[in-house]
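Asks: Residue numbers (our numbering), protein chains in the order written: chain A, 399 to 743; chain B, 399 to 743; chain C, 399 to 743.
Treat each hint with caution, since some may be false.
Since the list gives no way to pick one copy over another, a pair counts as held whenever it fits inside one copy or between any two copies.
[As the list claims (entries may be wrong)] Here are the simulated DSBU-like pairs of lysine-lysine, each with C-alpha atoms no more than 35 Å apart in a straight line: (1) Lys430 x Lys482; (2) Lys506 x Lys678; (3) Lys700 x Lys490; (4) Lys594 x Lys506; (5) Lys700 x Lys594; (6) Lys440 x Lys482; (7) Lys644 x Lys734; (8) Lys490 x Lys430; (9) Lys725 x Lys440; (10) Lys721 x Lys700; (11) Lys490 x Lys721; (12) Lys506 x Lys430; (13) Lys594 x Lys440; (14) Lys521 x Lys644; (15) Lys734 x Lys678; (16) Lys594 x Lys644; (17) Lys700 x Lys734; (18) Lys521 x Lys594; (19) Lys440 x Lys521; (20) Lys482 x Lys594; (21) Lys482 x Lys721.
The set of hints was computed from the structure by calculation and includes no laboratory data.
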Amino acid sequence: MRASEVAAAVGGTLEGEDVDITACAGLEEARKGDLSFCKDPKHVALVEGTLASAVLLPPDWSRGAPCSVIRVADPDHACMAAAKLLAAPEPKREPGIHPTALVDPSAKIGAGVHIGPFTVVEKGVVIGDRAVVEAQVFVGEGCRIGFGTHIYPQVTLREGTIVGADCILHCGVRLGGDGYGFVNMRREDGSISIEKIPQLGIVEIGDGVEIGSNTTVDRARIGRTYIGPMTKIDNLVQIGHNVKIKGYSGLIAQSGVAGSTEIGYGCLIWAQAGISGHIKIADGVQVGPQAGVPQSLDGTQKYVIGSPAMSLRDVAAISLAPKMIQKLRLEIKAIKEALAAGRHG
Amino acid sequence: MRASEVAAAVGGTLEGEDVDITACAGLEEARKGDLSFCKDPKHVALVEGTLASAVLLPPDWSRGAPCSVIRVADPDHACMAAAKLLAAPEPKREPGIHPTALVDPSAKIGAGVHIGPFTVVEKGVVIGDRAVVEAQVFVGEGCRIGFGTHIYPQVTLREGTIVGADCILHCGVRLGGDGYGFVNMRREDGSISIEKIPQLGIVEIGDGVEIGSNTTVDRARIGRTYIGPMTKIDNLVQIGHNVKIKGYSGLIAQSGVAGSTEIGYGCLIWAQAGISGHIKIADGVQVGPQAGVPQSLDGTQKYVIGSPAMSLRDVAAISLAPKMIQKLRLEIKAIKEALAAGRHG
Amino acid sequence: MRASEVAAAVGGTLEGEDVDITACAGLEEARKGDLSFCKDPKHVALVEGTLASAVLLPPDWSRGAPCSVIRVADPDHACMAAAKLLAAPEPKREPGIHPTALVDPSAKIGAGVHIGPFTVVEKGVVIGDRAVVEAQVFVGEGCRIGFGTHIYPQVTLREGTIVGADCILHCGVRLGGDGYGFVNMRREDGSISIEKIPQLGIVEIGDGVEIGSNTTVDRARIGRTYIGPMTKIDNLVQIGHNVKIKGYSGLIAQSGVAGSTEIGYGCLIWAQAGISGHIKIADGVQVGPQAGVPQSLDGTQKYVIGSPAMSLRDVAAISLAPKMIQKLRLEIKAIKEALAAGRHG
């Protein structure tokens, strides 16, 4: 795309050479062929040092640029618009079942559904209209997938899993694996036997849920592991059996929720945080990165951090302990000296 | 299934309408069609608020329920029994090799083995009787899989991996990837070269081991990475090269064990804990959630927590530090005031 | 292989029976058929207790061994050499496209490339000479893979991903999944709408990069998520959108880097560490295991640890707080007693 075409598309004015633009990038990472943007004069040095071929700048930007310039009222917004034009369009997944896909005759496939190569759809599966199930996916017996849901390659849905409408499941998502449940039995001879507890329930995912790459959600021991509507889960997250996430919550990468825990509406669980099993997190609570929550949070504290999780204030108090101790040491030393002086005085 | 049929199956008595029951669920999550249970009178409010179609209650439960009731001596046990009846049976994997599977002619496949669609079994592989290798699995050259072992879809076994009998490998398990090993070499001209250390060993998994979804176990640099019998590993766990887990241990989700570490019999590593490399954890030690273990644990402490890991007592002492400091501050203040008063008095 | 053949290959001298050797292993884990090694006399008890069939020992080792002995100048080095001989060679991936692979006619496949069974290569893909793309891999539209790069089974490359030359991608790696980006919009009626921010960029991987099993790297929101040359990433690592890792760095298992963060040259991020988004880590900084880095690190501290990350000295001070407090308590008690005695005296 030419810079002049980009300028026209975003309602801006081109100054300088009508270069070729192939992508968008930040000022520092941009290279030849990239379009970048800046609106804040404090980043003038970044603009002057950029390797971009063109840069979107506000009308009142008085300093020069080492490349072509497109003047536009809102450079941020314009760059986002340009990025959409420049990005390779997401591959079209046309309706139809790839000839290499194995779809059981008993499966009910909606209108306009795409099923990719080497995908397995087992018996009794129901797939809603316009759903996309890409290549190399495994959809086990009796699964139900809502309309408009997009499943990327190499996802596995174990038997009985229910996925709502307009969901997105990224590559390598695992739904419905057995929950972790064993009982240690000590036999009469004293030896230990470890018995598997049957995991008889399912996973149910509400509408509008997005689940990141390689995230795992275990099937319930009994009943359902439930991820409520509009919940957005990042990569490599672990959701244990019988967890209930009410909905409209976010779980950032590598966080984990242990079995039978309930997470309220509108919660945000930051990266690498861990929530113990059999507890409740109230609506709207945020759990900070790497925090570990051993007990229910009733919402009195809206944000917890640390392991075990506590208020920001308590975390700060512990961090300050060495400094406070040093202060007290000096005070005690002064008292001792005063006493010694007093006695000798 | 009708409620009366459930009642008959669990040896209970139906009171109320003979409703349809399709699944089991907890009191709070239950909906129409669900059977729930309660034995503890303190949960009376949950029973009264449940949306279940029927609830299992003990004979002496005097309060009502908003649905049909099945009286039974042990409601917990009865619900588990009912769940087994109601759960969709796990899909049958009949003996036989799916026509789309690619099984090298040199592979030795036992009696009654199931091999699913799009699965690749390379040369020299040996699979024991009654093993199930589901769809889209990769079994590399020379792997050995014990009898009765169940491998779910999309597992990969790199060349030479040995899996014992009666194991379960959940979706996305990766066995035998290269261990992480590099040496930084500084060339004569000062530049750095990062050389890969060949990872020449294998992974060996004992009998009765279960490994959760998307867990990774690296092949040894030399010799074997070893997961001993009856070890139960949860999802998204990392086991480094040359780790030796003696057996009968549990590793909960997202925990990790670094290279060459040895874990004794009967250990329990809780979620998100990390164990450093080249150390030994004695038999029966528990490592708490999110704990980080930098040094060997000889079993003197049966439970450690925190990062770096310490006793519960030491963790508590650090948590209490701010409170103790405040107490000392007040005492010092009082002494100072007493001294000031004394001098002026 | 016979012990005598091993001895000849490593330039050593066999003493004792010419046993069969099938693998190498450490003294403690070795079994029948294994070759082990020892050079340090302090491990004499391990040598005497080993179950290995043969052991490599230095010429001046005076104590016996319960098995055959191969005398050699450098037993460590010799064992590594023997391991290379004994290890099953990595399976040969001959040039050619497996008949079950689906390669779009528009894809450009270099000379000597191997493409394994059930692999999907979409339109516009370019694969460099001698690259190996193993079984069940998904290569999305317009991806580019450099020469000599080795992609193990069940990797997914979403559309537009660029992988350099001589890279290694282990099983289950996910490149180019959508970054985690949503905006909460409150509608006029007060209800919340959670809108997905389009992720329009790509992932670009430099030359010589190795990425471990089940690791995930998200595509950029705009521009590129960039993993610079010679970076070595372990298993189950998460790299967020628009992260820039300059190169020659290591990221150990289960660590994570949040969106838009920049990591300098030659950094080492230890296991389970987490780096916040939108910060910069200076060249050569090490982040300790399980550390959490909330703010940029300018290189003043070469090693940080803890969550939030701090210097080793600060971590030690906090650990020592309870002991220091106890010391101050005793001093205060002594002062009080002295004062009380003084008053009464």
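Asks: Decide, hint by hint, whether the structure agrees.
Replies: We went through each hint and held it up to the structure:
Taking the shortest Cα distances, Lys430 and Lys482 sit within 35 Å of each other inside one copy (19 Å), while across copies they are farther apart (45 Å). In this assembly of identical chains, Lys506 and Lys678 lie within 35 Å of each other by CA distance neither inside one copy nor across copies; the values are 38 Å within and 51 Å between. Taking CA atoms no more than 35 Å apart as the test, Lys700 paired with Lys490 passes in neither setting, with 43 Å inside one copy and 48 Å between copies. Proximity of Lys594 and Lys506 under a CA criterion of 35 Å is satisfied in both settings, with 34 Å inside one chain copy and 29 Å between copies.
Taking identical chains as interchangeable, the C-alpha atoms of Lys700 and Lys594 lie at most 35 Å apart only when they sit on different chains, with a minimum of 25 Å there against 38 Å within one chain. For the homomeric pair Lys440 and Lys482, the shortest alpha-carbon distance inside one copy (27 Å) is at most 35 Å, but the shortest distance between copies (57 Å) is not. In this assembly of identical chains, Lys644 and Lys734 lie within 35 Å of each other by CA distance neither inside one copy nor across copies; the values are 60 Å within and 56 Å between. Within a single copy, Lys490 and Lys430 get their C-alpha atoms as close as 29 Å, which meets the 35 Å cut-off; across copies the closest is 40 Å, which misses it.
In this assembly of identical chains, Lys725 and Lys440 lie within 35 Å of each other by CA distance neither inside one copy nor across copies; the values are 40 Å within and 48 Å between. In the homo-oligomer, the alpha carbons of Lys721 and Lys700 lie at most 35 Å apart both inside one protomer (28 Å) and across protomers (23 Å), since each shortest distance falls under that limit. Taking the closest pair of Cα atoms, Lys490 and Lys721 never come within 35 Å of each other, the shortest separation being 60 Å inside a single copy and 61 Å across copies. For a Cα distance limit of 35 Å, the shortest separation of Lys506 from Lys430 across copies, 24 Å, qualifies, whereas the shortest one inside one copy, 50 Å, does not.
Proximity of Lys594 and Lys440 under a CA criterion of 35 Å is satisfied inter-copy only: 30 Å between copies versus 61 Å inside one chain copy. In the homo-oligomer, the alpha carbons of Lys521 and Lys644 lie at most 35 Å apart inside one protomer (30 Å), although the nearest pairing across protomers, at 41 Å, exceeds that limit. For the identical chains of this complex, Lys734 and Lys678 are neighbours neither inside a copy (51 Å) nor across copies (47 Å), given an alpha-carbon limit of 35 Å. Both within a single protomer and between protomers do Lys594 and Lys644 lie at most 35 Å apart by alpha-carbon distance, with minima of 29 Å and 19 Å respectively.
In the homo-oligomer, the alpha carbons of Lys700 and Lys734 never lie at most 35 Å apart, since the shortest distance is 45 Å inside one protomer and 40 Å across protomers. In this assembly of identical chains, Lys521 and Lys594 lie within 35 Å of each other by CA distance both inside one copy and across copies; the values are 27 Å within and 33 Å between. In this assembly of identical chains, the alpha carbons of Lys440 and Lys521 never lie at most 35 Å apart, being 61 Å within a copy and 43 Å across copies at closest. In this assembly of identical chains, Lys482 and Lys594 lie within 35 Å of each other by CA distance solely across copies; the values are 14 Å between and 50 Å within a copy.
When the C-alpha separation of Lys482 and Lys721 is checked against a cutoff of 35 Å, the pair qualifies neither within a copy, at 52 Å, nor between copies, at 55 Å.
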